[in-house]
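*Asks:* The chain contents come next:
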Amino acid sequence: MASSTVLAVANPRRTFLDSVRNTGWQTWVAIGVLAIIVIVSVAAPILAPFDPTLQSKDRFATPSLVHLFGTDELGRDLFSRVLFGGQLTMFITAGATAVAMFIGVIWGMIAAFARGLADEVLMRLADTVMAIPQMLFALVFISAFGATPERLALIIGVLLTPTTARLIRSTVLAEIQEDYYTAAVAYGASPRRLLLTEILPNVRVPILVQTAINAANVLLLEASMSFVGLGIQPPDATWGTLVQQGYQKMYQSFSYLLFPALLIFITIWMLNLLADQLGDSSSSKGRS
Amino acid sequence: MAISIVMLIATSLLVFIVLRLLPGDPIITRLGSTPGVDAETIARLRQEAGLDAPIWEQYLNWFGGLLRGDFGQSFFNQFSVNELIVMRLPATLEVTVVSIIVAILIAIPAAVLSALKPLGRVDRVVTAISTAGMAFPQFLIGIMLIIVFAVNLEWLPARGYIPFEQDPVGNLIRMILPALTLALASAPLFIRFLRASMIEVLSSSFIRTATGKGLSRWAVVVGHGLRNALIPSLTMLGLVVGYTLGGVVIIEYVFGIPGLGSLAIDAVFKRDYAVLQSVVLLISAMFILTTLVVDLLYGVLDPRLRIGARRG
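In order, the protein sequences belong to chains A and B. Residues are numbered in this note's numbering as their position in the first sequence, beginning at 1, plus a constant of 23. Residues are numbered in this note's numbering as their position in the second sequence, beginning at 1, plus a constant of 10.
Bound-form chain B, shown alone (with noise of 0.2 Å):
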């Protein structure tokens, strides 16, 4: 817990200073294309936007007004950090759960069936498509899956996003092809893993005596196979989630999905720290707990490991 919330304020650090570390002032970005504007008016908007503090001051400003849960003002906008955030947060928290789930729907059936006979066809199948399906980057899945169902088929729409709120359907038809596509990245990160642990699980004692004792294959296989082989793949929520966090910033480009990866594309493109800064420590924050959540989890699950997670 403790570590949590230092590995929080050492990623708030960095972000800061590496955004400060370069040659480019924001200001001027901002003013670009505007004609005459004269020194006075930059410093003035300098000022406005707290630029002409020492960095230091800088970082206290914008740490103290996050522990008060206030992101701070856009650069470019009337918006504050906050109205921002609040508009895009539920666009890419659902495609990410969404597509999690997917992932371990998929992932659990293929581990489970490759892992009854390891190097049998099955077992090869799974193992060919998810060592293809790790190289492919998350963007050209997007772009296959846009080809094949959007393009030809014309079964689902290429781009776009409703609120669920306006139009539940529209919604959950638009999120099929992106949470698609980040769960069929990411499904072959937990094949591989829960593959390996099941066949150790299922390899183990207590499953012969299982068989031996006349349960049905389901049960064992399911009952006690599985349910053992889960607990440490847990951990690999956790790295499944960092690496959808990352994978969808791009996702949302591709989509076209305004959630806070685009938002943080389009601060890039403006140098708009101010929504940067605090997009990439939010994201980074969700990463985190979900980390400390799964540990946490992990010793609930394990009874072996509570004391040491506790401890943790």
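Looking at chain A on its own, in the form it has when it is part of the complex (with noise of 0.2 Å):
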């Protein structure tokens, strides 16, 4: 009998696998979409066919088998620009997104274990910070520290920390009322077993929601920051950035400015496809 109470109360540790089992095969498609994009991103150097600086007399070429994008107005090859460009967009937005899961995590937890003044603090400041628009907030914090990759993640990432933050405080909030917690509060775990143990493996598929959300949001406001032209500077250069070259020079060459756009759109798209599958599967499976 006194086994059976403790199944009853078991933990569950639903995990990552279970979650994407649950989903339709719209999931695999957008993992496998963005597994490509991520690979063929980070082997930039060997996949590239050509030196993205490397320009030539051959300008704003239309796609063809050598360049398969196009040459832009230097006669740099626009494939291997966007090869380049989507390394550094990557690298942005993972760090952007490392930071603000990581400091959003410990702000959300800490706020939904602590209770009382240190959460109402926390909370407040998260709401502050929600008030200015992002882009905005960016403006200043960029005016401010310049536009570095590194700076541009960290900026980017601490901007979005308080939503995160807001949303991990809700989810653990809701697991403490679980019966589980309260059987591991009643068998005296430390509040590190609590909440390294306990609390974090079942709010990881809400935790990998928000991190697919937010690298879309890195995404979004990244290339609106290098559009304006406040983002990364040339020569380096992020899908961005692109965009904004191709569309100075849109009547010259058209297929500048369609790729970066186009694969901008189709990683926020592939981002935001995951984040809604795995959050219907987290929603709709029922607590045991």
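No lab work stands behind these hints: they were computed from the structure. These figures come from a predicted structure and were not determined experimentally. Even for Gly, the Cβ is constructed at its ideal location relative to N, Cα and C. It is possible that some hints are incorrect.
Restraint ranges, calculated between C-beta atoms of paired labels, are given here [stated by the list, open to error]: (1) A/Asp142 / B/Leu70: 27 to 35 Å; (2) B/Leu163 / A/Thr85: 21 to 29 Å; (3) B/Ser213 / A/Thr205: 29 to 37 Å; (4) A/Ala121 / B/Ser226: 51 to 59 Å; (5) B/Gly222 / A/Ala121: 50 to 58 Å.
Rough simulated footprint, nothing fancy, chain A against chain B, three-plus residues with beta-carbon under 8 Å [claimed, not checked]: (6) 246 to 256; (7) 277 to 287.
Using the hints, put the two chains back together into the complex; each one sits in its own frame.
*Replies:* Listed below in structure tokens is the structure:
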């Protein structure tokens, strides 16, 4: 009898693979497309047929077998530029998302556990940061610190922290209501064990969903910043920078604008799709 | 109400502090290209701009000015920040308000038609389009509209702005693309939310009662369903205003509209904090104010919440 009581309140440990299995083919499409984009971007130095800074006389070439995406105003191979641009975009996206998730998860967990005054202060702070439209806040930070890739990742990451903290707080508060948590408290688990062994594995899916949403937001913000000329400065380029340059040369070459814009769109789309699918699976699954 | 004021003060502090953390000096930036400036001139200019005072005194000066409705003086030109804001505000307000109205006009029919038959053909199309729409950064939507309507079809001008009082028709024609851009970017948020709330309302028992007593389909769906589904969607309005106010910065740049957003971007390039901090605070205040109004309105429209709204 004792053992059945324990079983009834056992930590359910919902894992990532469980939640992926619960979703349809769309999740796999999203994961597949994102994996290809990430791998190709990271492998840019190996895959790029040309040096992205190599200039030639062949300006504004239309896409061909030699230049898959055509060439730009200095005759640089656009396919190679997009690959290397992807590498930098991935670096910023990964960095900013990591910053947002790391600070946000700690912030939200502390708020949920501490309750009382600490919770109040932490959440009011989040509200205040969220009262300033992200785009404007990004402008303030960039004018203060400048926009190297590292700083841009840090700035955008910090901007996405409060929304992350809010979500993690409410998720953790819901977990605290669950029987397995009460049981763990009852047998005297340490706060460290409660947080890391009991709660954390069960909020893995919401954390993953938020990671995908954050990554999509990073891409949006970074591309917008670079587009108005406040993000990554040439000769370095992200997809956002390439879109800006392509937009200025729109009448000479359409592929210049098209391909980086398309990649931004597809990547964000797939991240949103992944977040939707995983979010649905965890909410419709029911709690054991 | 009190919370909104505290948030405004906190916002002003936050923006001010972040802008003073930086290593650069706006006076030196301003003089960057002028050769042979001595230390004395720099010191005098710093004093004129009030930059030699301790940081808390600078903040109190700025904040005291705000209370009197005085945003201070631009570091870079002879205009006061007030004059700059008065010049730039109308364009921003117009784009924002028009785009939100257009977004609502797009979202309501789309969401209602979707909710009538969840997972039906219309619903699938609407959901697919709005999911894709959410994946487009606002500036990309703007570029696509420019390519289609300005470059290819040549129906509308690609860029520019004419004040309404100068040429009402010209003003409105130039408003179409930017407002549509922002509306297309924010409509998906509305649609998703309103669709869910509409589906929920339509499955409740009072809808069955209304249908049962022989009301027309229109009266049931719009009079009973939509009316009740719109109330929770009000909270969405606050979010959408925030999203639009952020997006307006970028969209003004894309369409060459001389509004607060382009003023802010300009101020970043020039490191004109006096202008930047005031514009950011003003836009945040607009956002906080909308949230407050939405909360109050929510209470008025939903009697159950009236007491709660007053307390907040």
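*Asks:* Now tell me, hint by hint, if it's right for this structure.
*Replies:* Hints versus structure:
no., hint, verdict
1, A/Asp142 / B/Leu70: 27 to 35 Å, "holds, 31 Å"
2, B/Leu163 / A/Thr85: 21 to 29 Å, "holds, 23 Å"
3, B/Ser213 / A/Thr205: 29 to 37 Å, "holds, 34 Å"
4, A/Ala121 / B/Ser226: 51 to 59 Å, "holds, 56 Å"
5, B/Gly222 / A/Ala121: 50 to 58 Å, "holds, 56 Å"
6, 246 to 256, "holds (count 4)"
7, 277 to 287, "holds (count 7)"
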